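As you go down the protein sequences, you meet chains F and U in turn. Under the numbering used here, the first residue of the first sequence is numbered 93, with each subsequent residue one higher. Under the numbering used here, the first residue of the second sequence is numbered 278, with each subsequent residue one higher.
By construction, these hints were calculated from the structure, which means they are not laboratory data. Quick caveat: nothing in here was measured; it's all calculated off a predicted structure. A virtual CB, placed ideally from N, CA and C, is assigned to each residue, including glycine. Do not rely on the hints blindly, as some may be mistaken.
Stated by the list, open to error - Computed Cβ-Cβ distance ranges for the label pairs, DEER-style:
1. U:P352 with F:A206: 54 to 62 Å
2. F:N249 with U:A295: 23 to 31 Å
3. F:D356 with U:D410: 34 to 42 Å
4. U:A295 with F:A345: 41 to 49 Å
5. U:A295 with F:G298: 53 to 61 Å
6. F:D233 with U:E288: 32 to 40 Å
7. F:H297 with U:R282: 26 to 34 Å
8. F:A359 with U:A460: 40 to 48 Å
9. U:E288 with F:P358: 21 to 29 Å
10. U:D298 with F:K266: 32 to 40 Å
11. U:P430 with F:S137: 31 to 39 Å
12. F:A359 with U:A445: 36 to 44 Å
13. U:P430 with F:D356: 21 to 29 Å
14. U:R463 with F:N249: 55 to 63 Å
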Amino acid sequence: MRIFDPHIHMTSRTTDDYRAMYDAGVRALVEPSFWLGQPRTSPASFFDYFDALLGWEPFRASQYGIAHHCTLALNPKEANDPRCTPVLDALPRYLVKDGVVAVGEIGYDSMTPAEDHALAAQLQLAADHGLPALVHTPHRDKLAGLHRTIDVIRESNLPPEHVLLDHLNETTVKAAADSGCWAGFSIYPDTKMDEDRMVTILRNHGTEKMIVNSAADWGKSDPLKTRKVADAMLKAGFTEDDVDQVLWRNPVAFYGQSGRLQLDVPAPDQLHEGNSILRGGE
Amino acid sequence: MLKSRKELDAELGGAARAWLDEALAEAAHDAATPDLPGPYTSPPWELRYAAAGRHCGPEHADSVRSLLLVEARAPLSSVTRLYEQGTAAERRAVLLTLHRLDLGDTALPLVEDALRANDTRLVAAAVGPYAADHLDPHAWRHAVLKCLFTEVPVAAVARLDDRARGDAELARMLSDFAEERTAAGRAVPEDLRTVLGHVRRIRAGSTTPGTSPSSRLRSSRGGPIPRGVAETPESLRDEGVPAPCDAPHQTPRPIRP
Ligand SMILES: [Zn+2]
Chain F
93 MRIFDPHIHM
103 TSRTTDDYRA
113 MYDAGVRALV
123 EPSFWLGQPR
133 TSPASFFDYF
143 DALLGWEPFR
153 ASQYGIAHHC
163 TLALNPKEAN
173 DPRCTPVLDA
183 LPRYLVKDGV
193 VAVGEIGYDS
203 MTPAEDHALA
213 AQLQLAADHG
223 LPALVHTPHR
233 DKLAGLHRTI
243 DVIRESNLPP
253 EHVLLDHLNE
263 TTVKAAADSG
273 CWAGFSIYPD
283 TKMDEDRMVT
293 ILRNHGTEKM
303 IVNSAADWGK
313 SDPLKTRKVA
323 DAMLKAGFTE
333 DDVDQVLWRN
343 PVAFYGQSGR
353 LQLDVPAPDQ
363 LHEGNSILRG
373 GE
Chain U
278 MLKSRKELDA
288 ELGGAARAWL
298 DEALAEAAHD
308 AATPDLPGPY
318 TSPPWELRYA
328 AAGRHCGPEH
338 ADSVRSLLLV
348 EARAPLSSVT
358 RLYEQGTAAE
368 RRAVLLTLHR
378 LDLGDTALPL
388 VEDALRANDT
398 RLVAAAVGPY
408 AADHLDPHAW
418 RHAVLKCLFT
428 EVPVAAVARL
438 DDRARGDAEL
448 ARMLSDFAEE
458 RTAAGRAVPE
468 DLRTVLGHVR
478 RIRAGSTTPG
488 TSPSSRLRSS
498 RGGPIPRGVA
508 ETPESLRDEG
518 VPAPCDAPHQ
528 TPRPIRP
């Protein structure tokens, strides 16, 4: 089984996670830039983070046989902080980098005017750079937030098939699917969305343009949720091909629109053994 | 290996060749007009630098980036910006090209930065000809040791034979490292013997390796015993390393400052 986790924050995870993910079948992932839990106070802090997503983290992933790509953006929460908004001016020079396969995570947090501006500006940046966009839907007031998000996307120069609407659930899946965007579901250990609910959604809405991720980060989360959804799908009667579509071909097709996916990473046992990370640093 | 313009022209398809022509022309133009309008803007050739692999193929990215740097006669400010704001691959291309630019030793901070990294692709690119020319002895020895630690093949170290020859301090560091490995029950990297072989060549005729009574392990028990270049742990005294007398054709050269 091959798995592509299209949304996971590996910077917050350990090498044990990389190993477990590889063992579970994960061969590729996308790490969106996001809020780090602690507010940042200057653009430079973002740039170091972006550099890590383009340098150290792909190297770390490669040691475990996993292809690493990223999405870069000013996230909705920090789009409200004037100390951080100059990041928007610097994004163009990052969006030309090889490892960047989308603009993201963008979207709404509290639906403020500053978030309106950042969302519209970054959808335009995506269109300018031939990149798709990863758009997260707000955790609070989700349905209203989704409708407003879809309106802004309609007004943008980015076609809906270049947009992945993420963190969807039973109440938002229909509107998202009707918009022509890709539909993303983050599977968490509790509350928001679990693997059995996901299977029901796939049964009711089909497997086309449906994307599943673990969204694992520094919070309570599980980097193996993609595999658990695959297992739940098989148990519920979906075929191996259905699983491959949802957990590999769909995310490859979505991020492949960037023209920048490089999925050929050597397996860990073929790598020169004993480098600094496998030894736990020096 | 970096490819020349001629070699690239022979290997690239029409569209890629046209892209490279334009990119090199932009680089040459920007070399003449280095001023930038704002802190987050870059000259067009620097954006080309990032996109090189997508237009010319990932296997040619290093060569194309290197050509762009040379063609733009990249000054320290550009080289530093491209390195600091670059992906690992972009940083590597900067490191691989430093010796072809007219920078003197001013770009050493970039090499030092790369040598602090744990990304082995950067470490390997940092120990090229520029490091051989400009790193001071202390930093250079640590660079060699870092290669052994991170298992970057020492074949990547430019002019290794030259700089290692007769370096008693490097020999001591290698011996200590070997003993630490042996104490931990781990294998001593084969490359360590290679480096030690280069070190020993200077002492042709002055010391006979393998006859010294001391090794670090024994001296630690019996009190410090002064050691010469050729005094190495038992585990290293094997047939794999050419003894000084095996290399009579090597003319001893002065140790680099
Ligand atoms: Zn996220």
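*Earlier hints that do not hold, by number*: Violated: hints 1, 4, 5, 6, 7, 8 and 10.
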